[in-house]
Structures are given as C-alpha cells and as structure tokens.
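The hints should help you fit chain P onto chain G, whose structure is shown.
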Amino acid sequence: MNELLNKLAVAIARGKVNQKSPFPPDMKGEFGADELTKQALEESVAPAAILNDGLMIGMKTVGDKFESGKAFIPDMLIAAKAMNVAMVHLKPFFDSGEVELKGDFILGTVAGDLHDIGKNIVRMVLTGNGWNVIDLGTDVKPEQFIETLKEYPNAVIGMSALLTTTMMQMETTTTAIKEVSPDTKIYIGGAPISQEFSDKIGADGYFPDPNKFAKHLASVV
Amino acid sequence: MKIFDKLTIDKHEELLMGISPHPVKCGNLLTIGDGKVYPEINFTLPTMLITQETMGEVRRHYSEMMTNILARAKALNVPGFVVEFEQLPPMTDTPEWGAEITELIKNELNKFHIETGIPNALRVTVLDLRDADHPPLLRTGLPTEKTLKGFELCAQAGADILSIESVGGKEVHDQALMYGDLYGIVASLGILAHRDMSWLWKQITEIANRYGIISGGDSACGFANTAMQLAGQGMLPSVLAAIDRAASAPRSLAAFEQGAVGPSKDCAYEGPIIKAITGYPISMEGKSACCAHFSPLGNIAAASADLWSNESVQNVRLLSGNAPEAFMELLSYDCRLYNTALDSGNGLMMRDMLVKSDVPHSVEALMLDPEVVIDISKSIVTNTGGYAQTKAAVAIAFSAIQKALDNNVLSISDTEKEWMTKMETAISSFGETESEAVEHLQMMYGDVFKLEAYGL
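Here the protein sequences come in this chain order: G and P. Here the working numbering is used: position 161 in the first sequence is 161, and no number is missing along the way. Plus 221 on top of the position in the second sequence (first one is 1) and you've got the working numbering.
Excised from the complex, chain G in its bound form (with noise of 0.2 Å):
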C-alpha cells in the first residue's frame, strides 16, 4: 500500500497525468495520478491517506524543489495538473465529507486593475495544494468579495494588484471586508506591495511567492 501511495506522489511531483500523457517523457507507458488514484481506491486504501500520503506528498516535494531553485512554476503547475485528474476520483469522498479540502479561498484582482497572471499562478497553486478556491478574476469590486464571503464564511481572501494606482483599492476592500468579517483572515500581493503596505492596511500579510504563501496558509488553517 505505501509502495502504492509512493508511487503516486512521484507521479504528481513529476507531473505524469496519466498512462497516455507523453510527459514526462522517461515514465512513458507508466501508470500516471490518474490510474494510481483508481487502483488505490480500488484497493481500499482511505481516501485520505491517498490525499494526504501521496497526492499532498508529491505536491510538497515538488514545492520543496521549487523554493530551493531546482523547479519551476511550470513544474509546479504540471504537479498540480496531475494532482485535479487524481482529485476528480476522490470528489464523492469530498461531497460526502469523508475527506475535507484544506479550505476555502476567495481570489481576485482588485478593482480598476486588469492584471491577472500574478492571481493566476496563486490560484493553481493553492488549488494543487488541495485548497478550493473561488476566482472572482479581474476588476474585483469589495463588494463582490463580501458577497462571496457571504457563500463560504470561513474562507481566507486573497487580493493582487500590478499598479500604484491601484494598490489603494486594497485598502478600501480590506476595511470593507473587516467591517462585516472582523476575522477574515486577507493576504495581499502584486508587485508595487510591501508587507508595511499590509501593515498599513489592515491586511494579514504579503507574499511574494506563491509555495510559501501555500505553506503558510496551511499552518494557519
């Protein structure tokens, strides 16, 4: 059974989806997520273990060699593709409360502001991280947020912005949100944010990298 589960977290950080996928190409023919996922669950091994003993295993180790230099948010993102092929065989054991994500997550880029790849790499990052996300995209209004909130009560939120013009919507959002979610835990990021500008808004933290901004939310949760 751990042979098993080993065998599923070097086929998620090493990205391979399934039999067919032609990626990597030195594990061509091999069983990818996909299959490992099936045959696991069809040698009754817990849907838990399989999430957290080969599937969050695999996700981690990929995520340990993206901090130390030796991969790439394309590895990254590979990993975690890998990883939503083996999710769609654990979803009942999800619906039926059996195996909980680690939480909720309301994402978006803040209003006036069209920039959405920073938002991007975080939503597919917390996602293979096994959070659930919920992306309002771009040009996000606090309202739409709070209105989110209101759907998932316990979700932590998330909010980017590329421009100087405008980070101060952060600001306006994050005393909105406050004002109605006084415990809403709000991390901020995008290029022109500092964690003083955090401090100064009332936010719960910047990050700058996504794998360490994964690992802090999972120790806060």
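These are calculated hints, taken from the structure and not from any lab test. Hints may contain errors.
[As the list claims (entries may be wrong)] Below 30 Å or equal to it, Euclidean Cα-Cα: the simulated DSS-like pairs (lysine-lysine) are:
(1) Lys70/G - Lys671/P
(2) Lys70/G - Lys332/P
(3) Lys577/P - Lys28/G
(4) Lys508/P - Lys20/G
(5) Lys370/P - Lys332/P
(6) Lys150/G - Lys215/G
(7) Lys638/P - Lys28/G
(8) Lys638/P - Lys20/G
(9) Lys212/G - Lys671/P
Here the structure is a predicted model, which is why all the values come from computation and not from measurement.
Just chain P now, with coordinates in the frame of chain G:
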C-alpha cells in the same frame, strides 16, 4: 499591407544606436533615428486613486512633473526628447480624462519648444482595455470602443505618436507560459496575437494618418516581459523567457505591416529585430528603467536604441528633486555619452561594450546581441505568415542559445539545461500548419479564448 521580405539592416555592424535607415519626423521638429539617441521620459502618479474627485490632484501631478522635467531638459541642454504619457486604466476607461492630460502635456511641450527651440514630441500610449471580458471579445464590446475612442481623442488633443501595449492572445499565452508549453506560446503569439495586432494596428494607423501624426508601435510587454520578470524571480526558466522574446518579434512586426513607422515602444525588447527588418527607429529601456523594474538587459538594451527610456517612475520626492526630473537627468547623461561616442566615430565600439558587458551574464541578453538579432530577423523575413515566422524565430533563437552554451559564452544551471531539452523536444513537435496549431490551442486552452475574437 507592407511586406517585409528582406532586411533593411542586414549587417550587424550597421545595427547601431541612434541611426535608423528610415528616421521619423514628429512633434516639435524632432527627428528620431537621425544619428542621435534621445531620452524618452515616462512618469506616473504616486500611490493614489484616480476618480472624478481626485482629477484635480491628478492634473496637478502631471503639471508638476512636466514643469520639473522641462527644467531639467533645459538645464542639460538636451538635443531633443520624447515625453511618453502612458495612460492608467481610468484614463482610457474615461477617454476624456486621458485626452485632458494629453492636452495638458502637449501645451507644456509646445510652450517649451517656443521658449528654447529644443525639439520634442509626445507619445501617448493608450491602455488596452479589451481583455476586460473573459474570454476577451477584442473586436467588439464597450472596452474595445473605449480603447479606440482613447486613440481618437488623444490624437485630437495633441498626441504626436500613438502606441499601445496590446493584449490580444495574452489570455492563451499566459496559460501556455505558466505550463511551459512552448507550442502553445508559439501558436498564441504567431497566430492569435499576430492576427489581433493586424486588426488593431490597421485602425490605429488610420487614426494617426487622419490627424497627420505618427503610428508608433506596440510591445510584447504582456508576453515576453511577463516571462522575463517571472524568470527574474526564479519562477520561470530564463531560457524559456529568452525564447519567448524571439517568438514575440513577428507579432510586434505586424504593427509595421499595417503602417506603423516607429518608434516602437520602450519595453519592446524585440525592438532590435524590428529595426533590422524595417529600418524604423526603436525605443528601448534598460539600466535606467530600474525605477520601474529590474532587468538582465541593462546595458545591451541601449545597443541599437534610438530613444532611451526609463519605463515609468512615480512622482515622489527624492533628495535631488522629484523622481521624474531625476530620471530625466539620468537619461540625458546616458544619451550624451552614447551621442559623444557616435559623434567621435566610436559608436560601434560603444555598442560592442554594451553588448559584451551583458551577454556573458544572461541568456536573455544574448537575444539582443546584434549578430543573433540579424540571424533571427533573417529567419522571419524568409518566412511568410505569423505562425511560420514565429516557429522560425524560435528555432534560430534556440540554436543561438545552444551555440553560446557550447562555446562557453555563457552558462546556465542544470535546472535550466533540463528546459533546453524540453524545448528541443517541443520545437520538433510543432504542427506544420496554422490549423494544426489552432487545434492544439483549442484542446489545451479552449475555455479561455474565443476563435471569433481573432477572426477565426
């Protein structure tokens, strides 16, 4: 449509700063590419919101920035300069605001020219709002109407050069870049972005011609510069970012096929390729744009620049004065040095020093090496159509990197070397035809783009 089937500059020794085979006359008696490098100063607001209520403060900032910049230009007796007004989102979203600031800046430039006789011109860069919808519609809808209206109103208000950093194809390129999918990168730039550029620049040129002003050029900022910045943060392989630069050139060339005549945008690091092909002048930015972003191309970017830019700087106070005037001074001294080299017959020596000081440190700098630029440019003009040109540019760029590695001109990490292998495999798997490549895009990214947005 202009066809560029041969190089205007075909010898790397002739690809030189300040000198363009087809100089551009614009604004108040400024000729760009006439043998001198001129500063192109760009500036932006400090941290603040732009609303109807703050527009008075916005005007005050632009007025102050112009006063200070012009004082520096006069004090340093610059031979000429360009001011770039790069619009912020609300200024294109309410195009009348963008036009109002355009008029303010142009009036200041006109008065300054009458007073000092120093040639100058105003470039207005309208913000591309067309990706507000997801997937972007690009050719229709309110954001498109506002973007085009922005050009019209700014042309009326006194812009001398029109530019944009257009975003067609970016929604697909972003995804492909994040997954390191070189085939997707090539197809999104060579087909989608190229088609959108052709559509958009035909209209921009028509507006420019109607007002007797210059249809400048575009930048693959949202494409290759995104890659470069992410590579700089260790998120993407530098070798992929370098290849992305070469891949962006045919897309940016499409503006010139539709009548743009330069100067291309400062952040278009594909500019030297455009210059070699078209002979039109280019703007570039490097070390003196560190106020806006860091760069692995600080010196080499100047090697064939006709305008030398600081990209953008906020109107904040420094010890010397406000940041825009400080950067006007910095650019002016850079240009003074380059022009002294040109005037004394040492232009090529200066250029080679700029090139050699960066290439050993950066695979992205290698893409701007004049010899590599000429090779990539040749591969583009000897192919027809955006997709074929992009594939060819990528193949040549890859070979140039491999050759530099083999010859120990530069070195890369083992992790980066793995990506060279991945890219080599990807290059060999590119579809032969555009329709095959579009199929790949639809299969991989069909949920983020609409074929009709590209006339497909």
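Could you work out which of the previously given hints the structure breaks and list their numbers from low to high? Failing hints, ascending: 1, 2, 3, 4 and 9.
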